[in-house]
Amino acid sequence: MKTEVINQQGIEKAGIKTLAVSKHSRWKKIKKHWQLYFLVVIPLAFLITFKYVPMAGIVIAFKEYSVVKGIFGSDWVGLKYFKDFFQSPNFSLLLKNTLGLSIYGLIVGFICPIILALALNEVQNARFKKFVQTVTYAPYFISTVIMVSIIILFLSPNAGFVNNILGLFGIEPINFLGNPIYFKSIYVWSDVWQNTGYATIIYLAALAGIDTQLYEAAKVDGANRFQKIMNVDLPGIFPIIIVLLILNVGSIMSLGFEKIYLLQNPLNTNSSEVISTYVYKVGLLGANFSFASAVGLFNSIVNFILIFTANKISKRFSSSSLW
Amino acid sequence: MTKTGNTRIKESKIDRLFIGAIYVFLVLILIAVLYPLIYIVSASFSSASAVTSGSVWLWPVEPTLLGYTTVFKNPQILQGFYNSLFYTVVGTFISVSITIMLAYPLSRKTFYGRKLIMILLVFTMIFDGGLIPLYLVVKSLHLIDTIWALLLPSALAVFQVIIARTFFQSTIPDELVEASEMDGCSDIGFILKVVLPLSKPIIAVLVLMYAVMKWNMYFDALIYLKSEELYPLQLILRSILILNTDPSANIEDILKMQGLKELMKYSLIVISSLPVLVLYPFVQKHFVKGMLIGSVKG
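Keeping their order, the protein sequence lines are chains G and R. Residues in the first sequence are numbered from 1 upward in steps of one, following full-length UniProt numbering. Residues in the second sequence are numbered from 1 upward in steps of one, following full-length UniProt numbering.
I should point out that these hints are in silico values taken from the structure, not numbers from a laboratory. Among the clues, some could well be false.
[To be verified] Straight-line C-alpha distance at most 25 Å; calculated DSS-like pairs for lysine-lysine:
| id | chain 1 | residue 1 | chain 2 | residue 2 |
| --- | --- | --- | --- | --- |
| 1 | G | K219 | R | K13 |
| 2 | G | K32 | R | K109 |
| 3 | G | K130 | R | K109 |
| 4 | G | K281 | G | K80 |
[To be verified] Between beta-carbon pairs, the in silico distance windows are:
| id | chain 1 | residue 1 | chain 2 | residue 2 | range |
| --- | --- | --- | --- | --- | --- |
| 5 | R | R16 | G | L285 | 58 to 64 Å |
| 6 | R | I19 | G | W189 | 26 to 32 Å |
| 7 | R | M125 | G | N125 | 56 to 62 Å |
| 8 | G | F317 | R | S97 | 41 to 47 Å |
| 9 | R | F25 | G | A287 | 23 to 29 Å |
Using N, Cα and C, we set each Cβ at its ideal position, and we do this for glycine too.
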């Protein structure tokens with residue numbers, strides 16, 4: 001920072017001449033380290049090909065995509081596909097399901113790791129703590145396909161594990177995945193089972209970094225353990241909580257396609273069809289590329305606005321923000 | 001004096017009660033996480049009739065390896081296992097290579113354009129083109145239904161680039177770079193002789209993170225692949241475990257026994273999780289390390 005300021009002042013004082021010199025020396029430096037620039041070419045090619053070219057390809061949302069004419073040769077149709085989407089009978093249902101699932105998941109999935117991390121932080125027995133961590137991190141590494149298979153096997157109405165237990169209490173078998181009412185809870189709570197442990201890692205690191213003097217001060221003031229959590233631990237990890245919250249808000253619309261798609265069946269689509277699964281079905285399976293791109297773009301834009309707003313709000317009310 | 005003593009005892013009583021409640025809470029969570037896992041393993045070793053009648057509760061009932069032998073008799077599963085191994089090994093190699101190739105220059109302060117590239121990287125985390133445009137790009141490159149469709153489009157992960165860059169920044173001191181320049185060492189020579197040997201911890205983190213990602217990946221295969229002989233294990237698992245389609249015609253004869261199919265599902269879940277499970281101690285350690293490096297930058 002300091003050298004930068006000095007440099008700038010120096011350039012301003014000496015005028016254009018030094019600017020030319022510094023430009024010259026910059027070229028020299030680049031030439032000297034040409035190998036570094038050479039190395040970056042391949043990864044940048046990946047980034048541009050698979051991230052930025054598709055961004056440019058979004059234009060097909062405003063075009064009538066034809067295989068023959070290609071992305072850039074197809075005819076413009078303006079906002080036709082956006083209008084189609086907003087006016088389609090699916091629109092309100094898709095929006096309702098997407099928002100419902102993600103906000104439910106955001107609230108539950110965000111609070112659980114904080115509670116678990118605060119509880120783990122109170123444990124003095126290092127071995128017990130380590131054991132709980134090892135066990136609760138494990139489900140994170142189970143693949144989506146396996147996770148969904150487990151859910152389906154456990155919730156099966158014929159001799160599924162959960163219905164076996166309900167049977168002990170004389171409850172008739174329930175077809176959980178066949179009933180739209182249960183879908184959101186199945187999705188959200190199986191996520192909690194799978195990801196809560198792993199999500200504590202960052203919070204535990206932040207808790208370990210809290211100044212020990214604060215704990216001593218709390219002790220002197222006669223705070224009990226619970227008060228210590230509320231007045232030292234929580235404020236201590238608050239900046240991290242905010243940053244993770246912004247990130248989560250930013251992904252409200254980009255619900256994990258993989259898990260929802262696998263959990264779907266004809267009986268529960270009423271509450272399980274979300275924007276990403278719809279884009280896949282209409283776009284790839286139905287080969288309706290332009291319409292699906294418009295739906296996908298709508299999704300991306302809403303996400304972008306959400307993360308931007310969340311960041312702005314947090315900047316205003318606390319010191320932590322993403323940028 | 002006595003009064004303060006009293007309050008202290010009283011407080012610690014509350015605290016002891018509180019900590020007791022926390023231990024009970026954690027034990028309940030332990031059970032909630034562990035029990036389903038134990039149940040799956042136990043069911044996979046039980047007899048088919050025990051599984052379908054729901055008589056397995058904690059330990060295997062009428063222990064047998066029948067579920068496993070059925071799995072291993074299925075040529076499709078073996079093919080998928082082999083394919084996944086290939087995608088994981090080759091894919092991880094490509095990913096780790098390009099991640100380091102990008103992350104190391106970005107960690108050097110003298111590298112022009114590092115800010116711009118970082119912005120380009122982070123921007124992809126908050127905005128993306130969506131499924132269809134990406135699919136059309138992959139299609140126009142003629143990668144559809146080839147092994148490259150699984151190896152290339154998802155090769156570069158932004159989070160991994162950021163943690164590698166943070167690691168290089170904090171472990172490779174500028175003085176070392178300058179000293180090597182004095183000795184006339186080229187940048188690539190410096191990377192091979194100095195940076196890589198010093199970066200074993202981050203390479204381990206990258207290898208494991210990418211490997212788990214690739215082993216578990218199914219979505220790319222779902223949209224890009226058509227030929228069954230290219231399918232990774234996860235896609236085969238999906239057709240057997242979720243879609244409930246019959247693995248293949250000849251296996252149908254073996255599966256005449258009622259319930260064997262249900263049993264096979266449990267064995268299949270255990271087997272397909274095995275590679276990650278075997279590596280779990282390393283995986284856990286290095287994932288935690290990676291997450292911590294990543295969280296430094298936020």
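Hints, verified against the model:
Note on K219(G) and K13(R): the hinted pairing holds, with a Cα-Cα distance of about 15 Å set against a maximum of 25 Å. Of the pairs offered as hints, the one joining K32(G) and K109(R) holds, with about 14 Å between alpha carbons and a cut-off of 25 Å not exceeded. Distance restraint check for K130(G) and K109(R): the Cα-Cα separation of roughly 39 Å exceeds the 25 Å cut-off, and the hinted pair is therefore not satisfied. Annotation: proposed proximity of K281(G) to K80(G) holds, straight-line Cα distance about 20 Å (limit 25 Å).
Between R16(R) and L285(G), the C-beta spacing of about 60 Å keeps the proposed range 58 to 64 Å intact. Distance hint check: the CB atoms of I19(R) and W189(G) are about 27 Å apart, consistent with the given range 26 to 32 Å. Between M125(R) and N125(G) the Cβ separation comes to about 39 Å, which falls outside the hinted range of 56 to 62 Å. About 43 Å separates the C-beta atoms of F317(G) and S97(R), a value consistent with the hinted range of 41 to 47 Å.
Between F25(R) and A287(G) the CB atoms are about 52 Å apart, so this pair departs from the stated range of 23 to 29 Å.
This entry does not satisfy hints 3, 7 and 9, going by the numbered hints stated previously.
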